[in-house]
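Using the hints provided, position chain B relative to the given structure of chain A.
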Amino acid sequence: MSKPVEIEEAKFNELVLQAETPVLVDFWAPWCGPCRMVAPVVEQLAEEYDGEVSFVEVNVDNNPRIASQYGIMSIPTLMLFKEGKPVDTIIGFRPKEELKKSLDAAL
Amino acid sequence: MVKSPKKYDIVIIGGGPAGLSAGIYTARARLSSLLIERGAVGGQIINAEWVENYPGFAESISGIDLAEAMHKQATKFGLETLVAEVTGIDIKGGQKAVRTSQGDFTAKAVIIAGGLERHKLGVPGEAEYTGKGVSYCATCDGPFFRDKAVAVVGGGNAAITEAIELTRFAFRVTVIHRRDELRATKILQEKAFAEPKIDILWDSVLEEIAGDTFVDRVRVSNVKTKKKTVLDVSGVFMSVGFRPNTSYLKGIVKLDDIGTIITNEKMETSVPGIFAAGDIRSNSIRQVIAATGDGAVAGIGAEKYITG
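Those sequence lines, one after another, are chains A and B. Here the working numbering is used: the first residue of the first sequence is 1, the next is one more, and so on. Here the working numbering is used: the first residue of the second sequence is 1001, the next is one more, and so on.
Just so you know, the hints here were simulated from the structure itself, not pulled from any lab data. On a predicted model such as this, the values are computed, not experimentally measured, just so you know. A hint or two may mislead.
Cβ-Cβ distance ranges computed for the label pairs, FRET-style [stated by the list, open to error]:
#: 1; chain 1: B; residue 1: Lys1007; chain 2: A; residue 2: Lys82; range: 35 to 45 Å
#: 2; chain 1: B; residue 1: Ala1069; chain 2: A; residue 2: Glu6; range: 20 to 30 Å
#: 3; chain 1: B; residue 1: Asp1065; chain 2: A; residue 2: Glu6; range: 45 to 55 Å
Positions of the beta carbon are idealized from the N, C-alpha and C atoms, including for glycine.
Isolated chain B (complex conformation):
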């Protein structure tokens, strides 16, 4: 006997701020709603020691606390959560079947809010030394680098926030950034420039990570002068290469050339009844506040799609 898939009005893929906000709206609309998340809810903000640009929290709030509050709020209204990995979506007429590691689920509308994840940069030594000095989470691994020298690769908000966090542990933090200015917001730049433990290597790219059992140095190349420098560091924190997890959506919804999902201002994708919200959306500004806004728009859109 073939087990028939469980039916919902709405399936939401991804439990970050976008998916949770969508869930608050669809659950309050009394639509049966299932949120599928492959790990714990929260998305990228669970890596953030503090979130200081989300309105309503004057003293800033930890990413984990913010995520838990959103989840509690959505659950209160009836959103169900399942831990599973989504492997595909089949479209059968108006119904969508979401295939997962924990079985299939059908829905009248699907909201994709899977966000972005950090990918490898692909430099020599990176894979070999992952967990032996190469890290993708400063909040997690910073305490292992007490009184050591570390490098941070990247120049965006995440990179500079992490560099500032790491000054609590490391005695020197070198930011390796390929341009001559940071993309991070001004207030973070000011903090970084004022911090005596932070050095910034401008116009520089990481070429190689080396060491013995653990990382002890990196080779950096200046993109303008071509000059190569070796830095003695015990840790390398990668804060580049955020990419969407949309490979299972190829040929289903329209993606742009970096793999993020193309939507209109109603968060509608190229397929009727499939919406996208948050960082996974093409041209997203990749902020919690934008993700929650997208989630609300997608939730209301999905409700209208179902109820007509």
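Same shape as in the complex, but just chain A:
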């Protein structure tokens, strides 16, 4: 079973930008209620897409530079990276089926 991994700025390059598979990055913060809405859905996706897509969480409170580099001004934001580049951005809570469409399109 695969779970989203919480990462810090130092690991972003290796685990997101250099990753072999597409990576879904969940930008979140502890003060954000809707981020808690998104988290269980992302956990389900992490199991369903085990091996095909990797899932990481970036706490914008601890990693403001990454958040600002990718222009994050609203959380939760899910950003899908492929070959080191963001290919899709999903802002706010979205049903799982909609997220699956984004992931499938990137595979």
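For chain B alone, coordinates are given in the frame of chain A:
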């Protein structure tokens, strides 16, 4: 082989205060109860930094803490929770089949407590700048607007609470409200009027959101004088357009013209064995305390429906 749906006495749709309260009552009645929530439990209160009108919390409580306490309480009595999106309800005699993204569930009674969600206002620039200055959650996104000017659209409790919250970050908060008085409760109005960082633009509607990569201005029109004004702001917080998520219920239970579910005082809908509770109900006062009360009535009603 067709997988047979899992059976419960009660399926509750929606994990806000109404659904969780219903679950406390049905679980304590020893009815097998499943609560289906598409994200995390709590409903709209998880957007609230504080809840100060729910009795029993003199020092106020954060929305997330209140939601978690309710969920813990319901779970303690045996309520099960599933993360799934409900897509429909089929009625087969006395049984109801609830279709979801995680499979089907049958129940003897269903309690619909799906609440309201924020919809888009539909003004030019809104979709384009969502996440680039346009926000639907002040608690989430306020910290991104430190020392910037922002606008809040709306005049209800949620809008004014958010405007007050945003003064912690923004240097100026302009409330854009289409009437000449606020709908928000008096104590919130007093706080807003006393706050030097808050300006209120009365009789005004948001017409357009504009900028370059990020929002840098909005155009506002006065509905009485027709005069147009441009405001320099980096953020626009939308606190209007709360709508029920009931499109999957059309043709199943009776809805009113804004899509909320019509019930009687027992929380019974037009279909026997289907109850509704909380903000999703027609003419709800949209308060946590009303939602919990509705949930209790619906839970007890569902129990009586099943046990006869």
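Range hint 45 to 55 Å (beta carbons of Asp1065 of chain B and Glu6 of chain A) holds or violated
22 Å, violated
Within 20 to 30 Å: is that where the Cβ-Cβ distance between Ala1069 of chain B and Glu6 of chain A falls?
25 Å, holds
In this structure, is the beta-carbon distance linking Lys1007 of chain B and Lys82 of chain A contained in 35 to 45 Å?
Holds - the Cβ-Cβ distance for Lys1007 of chain B and Lys82 of chain A, about 43 Å, lies within 35 to 45 Å.
Hint 3 from the earlier list is the only one contradicted by this structure; the remaining hints agree with it.
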